[in-house]
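Participant: Keeping the supplied structure of chain R fixed, place chain P upon it in accordance with the hints.
From first to last, the protein sequence lines stand for chains R and P. By the count of the numbering used here, the first sequence reaches residue 440 at its end, each step adding exactly one. By the count of the numbering used here, the second sequence reaches residue 440 at its end, each step adding exactly one.
Treat the hints as calculated values from the structure; they're not laboratory data. Mixed in with the good hints, there may be bad ones.
What the hints assert, rightly or not - Estimated spans, in silico, between C-beta atoms of each pair: (1) Glu-54(R) - Lys-119(P): 19 to 27 Å; (2) Lys-366(P) - Ile-428(R): 40 to 48 Å; (3) Gly-97(P) - Lys-413(R): 38 to 46 Å; (4) Lys-319(R) - Gln-31(P): 53 to 61 Å; (5) Glu-232(P) - Asp-395(R): 44 to 52 Å.
Stated by the list, open to error - Selected chain R positions facing chain P (Cβ under 7 Å, derived; list incomplete): (6) Thr-7; (7) Glu-17; (8) Gln-23; (9) Phe-71; (10) Gly-114; (11) Asn-377; (12) Tyr-393.
Said to hold, decoys possible - Stretches of chain R that chain P covers, calculated by requiring three or more beta carbons in the stretch to come under 8 Å of a beta carbon on chain P: (13) 89 to 100; (14) 134 to 140; (15) 160 to 174; (16) 260 to 270; (17) 305 to 319; (18) 343 to 350.
On a predicted model such as this, the values are computed, not experimentally measured, just so you know. Glycine included, each C-beta is placed from N, C-alpha and C at the ideal position.
There are 2 protein chains.
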Amino acid sequence: MRLIMKTEPRTLAGFMELLPDEQILFNQIKQKIENTYKKFGFLPLDTPIIELSEVLLAKAGGETEKQIYRFTKGETDLSLRFDLTVPLSKYVAKNYGNLSFPFRRYQIGKVYRGEKAQKGRYREFYQCDIDIIGDGELDIINDAELTSVIYTIFKELGFSDFTICINNRKILNGLFESIGQKENSTEILRIIDKIDKIGKEAVIEELAKLNIKKENIEKIIEFLEIQGTSNEKIEKLEKLKIENETFKLGLEELKEVVKNVKLFAVPEENYKVDLTIARGLDYYTGTVYETFLNNYREIGSVCSGGRYDNLAEYYTDKKLPGVGISIGLTRLFYKLNELNLIKANKKSISDVLIIPMVENLEIPIKLATELREEGINTEIYLNNKKLKAKLKYADKLKIKYVIVIGEDEINTKTINIKNMETGKENKIKLDAKQIIKELN
Amino acid sequence: MRLIMKTEPRTLAGFMELLPDEQILFNQIKQKIENTYKKFGFLPLDTPIIELSEVLLAKAGGETEKQIYRFTKGETDLSLRFDLTVPLSKYVAKNYGNLSFPFRRYQIGKVYRGEKAQKGRYREFYQCDIDIIGDGELDIINDAELTSVIYTIFKELGFSDFTICINNRKILNGLFESIGQKENSTEILRIIDKIDKIGKEAVIEELAKLNIKKENIEKIIEFLEIQGTSNEKIEKLEKLKIENETFKLGLEELKEVVKNVKLFAVPEENYKVDLTIARGLDYYTGTVYETFLNNYREIGSVCSGGRYDNLAEYYTDKKLPGVGISIGLTRLFYKLNELNLIKANKKSISDVLIIPMVENLEIPIKLATELREEGINTEIYLNNKKLKAKLKYADKLKIKYVIVIGEDEINTKTINIKNMETGKENKIKLDAKQIIKELN
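This is chain R alone, in the form it adopts within the complex:
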């Protein structure tokens, strides 16, 4: 007998690790997102989690850089990816000659940010991204198509009361230029991006700290408070008569996106122009999106993204404009679960559990093999326990159909198949095809 010091088995704070029933649910949601991405023809991509720091941080800076998991192995300075956009930039620059443009890719994978640990904040989390990258140019209608992807996903996930909010960064930038605040654009955007969280008064206060004249702050607030339907907002923007080329271009783009969203069969109630949406990240240059569950706006945006002029400018001279969206799945899952908007109800992925009560397992195992060959997820209970213990397992795992096979069943070549959800039992032939008929 060896004596072994026990280590307490624990998982790091900020790292999600689920029990099987929740994992099944998580995977179902992930699968629905992936299937939707594929339905729109996006190609799969899987980049390494570890990259050279020099490559990964070619651009980074500020908050992001502080959160990076960065370390050396041997002589090499390495970092864990903190999003899927930078690896995409690297990939497209590196493989430019081997890709067909527009390059439409999806990537679903884990990313790492050493954020302050708190409930519902994750340091390892899944991002589910799609991007469409053009070679030199990319028509604005692609921006509209992405709203259709967002709409399809949230419908697939069982939601109907959600809103895709659309804005255009050029409108905001143009407005700031027109009031002589071009230099402060990024800072102003960061502030107004928070209006939902901190409120109008706090935004005014923060803007004042930038030494913006009171009349210009009023202009910004007046702009943010434009109300009405999407078309009414666009009309009001036109009436502002802001003589700035960036503003005008942004307004044209926004009109075009809104016009095209209709073509993609996204219902009126599921999207709107929202002039307060800015997306703090400074690489967006045109359309920006955020998506809210209307009754749970406090969750924040459940799917965000936007248009950028130049995906890979830190790696190549090629101009690669793109548009993309991202779903932070780990946090979304946590929040939906917390709000009871999703519920783990499958504890097993088996459709059928076969419980043998005989010495010779030939017939039960043969049946399991035949069911699997027909595509039925089938488990056979293989431990030599009393029937009661076996049924308890079936009950705990909530496998829908249970078949007990004893001497009687083998002699009479008939079985009882029990639907554990309804309690209904049917006596049928001991035959895979007959059983499959029962399942449908």
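Facilitator: Frame of chain R; chain P shown alone:
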């Protein structure tokens, strides 16, 4: 115009990053493995890639520990997982009260080992694992079931000429005990595990270095050279009359596994007893498996595993015996690709490409939406290019069905659907249901 210093976009050596066509193929293989695992009723698990070093390395040592990606973040000593077995041990010990036993789980995920970089060796690679964990005990028939999983996977992947080699560590250990070499067991196992690579003479030489008597080395070699069918080998083992309890128990287990493998419909030609299989890892205590593609034995084992008495002894006093297998998918993919045993032939996951040649995209987009609603992966070419450029895109991506929609098509409500593989074109109604009929 900003001036930006360009960083060369590169990916770390030893990290696989595929072009889309190969990624599609890789994902297909991964999906087939996952589907097979699900068909046998294994539950999904997804543990973090980062763990506390103290937890992850509770046991480790030797070669493995040197290869670990280990670093600190803040004050915390962290490591990247180097396999999926240690995280499973931690998980089962941690969640013991919330799991149903036998606990059958699959996990497919990336693991990290800082091996010397060389062709075909990866530092980041996918492992595809299943394990069955018993609470206190686990019947030996489970060991036979796993051969059925291995068989199903390689059939699914299109192979028929492969052999699952089965052995039992107790037979080897008992043999060593019987010649007074119990203390050297681990070392002897490591040596004979290499017999395939280094040959018999080198094994004899290495064994001699352990100061094992010549007559005992002869016994080991004689044992390793036992020939015949699985049943003949078992008979010859019985005739050795080795009076050692461990040996006898191992032989009983091996007989039982071989007897049961037949029940699981694994054909005779796809498995055999192979007494040279040892699996160097010292946590195996009973059945061990390796799987070889018969015409490509130089690849090494494509699926390995075995039985262990005590999964989580470093974390809990509970006795948790288990049996599991693992496929190193990244290396397998590399090797199969290198040998031309698999071939990327899909460059797209879209089934249909719609090419609009009209100003008003309403009808083409509506058709794309309808096809997607029917589950067809559909892409619509949205950039305003000449027909020639659009067809070039279709050709490069090799999307199977192409539909061009111009004014004529809209006016006559008929389209040509072209099968790009056969070149065949059919004139049909501009209608999603009609098009879907064409696809089948």
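Participant: Hints first: check each against the structure and report whether it holds.
Facilitator: Here is what the structure says about each hint:
no. : hint                                : verdict
1   : Glu-54(R) - Lys-119(P): 19 to 27 Å  : holds (24 Å)
2   : Lys-366(P) - Ile-428(R): 40 to 48 Å : holds (46 Å)
3   : Gly-97(P) - Lys-413(R): 38 to 46 Å  : holds (41 Å)
4   : Lys-319(R) - Gln-31(P): 53 to 61 Å  : violated (36 Å)
5   : Glu-232(P) - Asp-395(R): 44 to 52 Å : holds (45 Å)
6   : Thr-7                               : holds (4 Å)
7   : Glu-17                              : holds (6 Å)
8   : Gln-23                              : holds (5 Å)
9   : Phe-71                              : holds (3 Å)
10  : Gly-114                             : holds (6 Å)
11  : Asn-377                             : holds (5 Å)
12  : Tyr-393                             : holds (6 Å)
13  : 89 to 100                           : holds (count 9)
14  : 134 to 140                          : holds (count 4)
15  : 160 to 174                          : violated (count 0)
16  : 260 to 270                          : holds (count 4)
17  : 305 to 319                          : holds (count 6)
18  : 343 to 350                          : holds (count 4)
Checked against the numbered hints given earlier, the structure breaks hints 4, 15 and satisfies all the rest.
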